[in-house]
Amino acid sequence: MATIKITKELALALKDLRQEYKVASKDVATFINKSTSYISKLEKGDIKKISTDEFFRIFSYIVPEEQSHSRFDEFIGKCTLEFSKREIEQQEWLQNFDTVYRQIPIPPELIEHINALLVENNLSISEVVARVNLNEDLKDYTLDLSTYEKKVWHYPHNESPFIIMDISLNEIEDILSKKKTTTNYTTLQAFLYNLLKYKSEDFKSTFEETTNILTTYKFYSISKKNELLRKTHSQEEVEEILTDFDKLNEGYINQIQRRIESFSNLNIEYANGKLDILTKNLQADTPLVFGLFGIDLTPLKELDIDVKRSFIKDIDKLVKEYGTKIDEKKQELI
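Under full-length UniProt numbering, think of the first position of the sequence shown as 1, with each following residue one higher.
Each statement offered as a hint is correct.
So the derived label-pair ranges between C-beta atoms look like this:
#1 E171 - F31: 26 to 34 Å
#2 K199 - L138: 16 to 24 Å
#3 A284 - L138: 45 to 53 Å
#4 S160 - E321: 52 to 60 Å
#5 F207 - L292: 41 to 49 Å
#6 R57 - N122: 43 to 51 Å
#7 E250 - E20: 18 to 26 Å
#8 K78 - K22: 15 to 23 Å
#9 V119 - K44: 49 to 57 Å
These aren't lab readings, by the way, just hints derived from the structure by calculation. The beta carbon of each residue, even a glycine, is placed where N, CA and C say it ideally should be.
The task is simple: from the sequences and hints, build the whole structure.
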């Protein structure tokens with residue numbers, strides 16, 4: 001079973017996430033059939049290793065299902081921004097989260113490029129997959145690789161970090177036929193890298209070419225994207241790095257901003273009062289506010305203004321009603 005090494009940095013990040021979502025440690029412990037003291041030790045970094053299944057059970061319990069994918073990306077992104085490049089390279093868990101567990105949308109143009117390379121080099125998908133699984137680049141390691149888990153990064157003492165690849169032919173066929181639209185970074189990187197090795201025996205330059213191709217098509221890890229963004233000096237350069245998904249997100253934010261500005265022009269004092277409350281709400285409980293944002297109110301568009309006012313009053317009453325319920329679980333949010 002795959003495991004995750006718990007560093008103090010990961011332990012703290014997990015604790016911060018739990019507190020952000022206001023989830024009691026007792027409830028997390030109950031969900032994974034552990035004691036509360038286990039969660040306390042985990043969040044202090046006293047527990048050094050847990051299974052990936054257990055980690056993601058904890059993560060999925062804390063984060064609502066509809067937010068899990070985007071929140072996982074944010075979780076990784078926040079960590080990569082807080083660490084230097086050297087520190088990132090020392091965090092085995094972060095490398096695995098970013099390049100193994102995180103699923104990335106695959107640009108169709110990248111698939112077309114890889115398929116063209118297969119045709120150009122007269123190679124079948126199965127040939128390249130077989131070469132990937134040979135793990136040729138690990139032949140000089142003095143370690144007994146049979147004792148190491150496949151498909152996760154390892155950081156052994158006195159050796160360079162490594163990963164033993166074991167990719168599925170069916171998965172690659174589904175990716176290259178566009179049936180599967182997401183994958184992790186290492187899977188596509190390994191396939192493309194080994195494909196390009198048929199053209200050149202210079203593994204270093206081949207690895208660089210692989211990275212360049214993936215970056216050109218904006219298929220990169222979060223740490224790589226943040227590294228590129230740090231080097232930008234203009235909005236145009238930022239736009240070049242952002243994926244279509246990033247731009248879509250940015251577009252939504254801009255639409256919201258324009259709507260707020262337009263409404264503010266009608267009554268700036270009223271708008272500022274509402275924005276002040278919205279800001280405080282976001283600071284207090286971002287996940288809850290986003291949950292409310294996700295409620296479709298468009299069916300109410302044609303309602304009479306008085307009915308809409310009654311609707312808002314009912315919501316206000318509901319908030320006050322729930323606010324009076326003393327939640328004893330808050331006492332455990334330490």
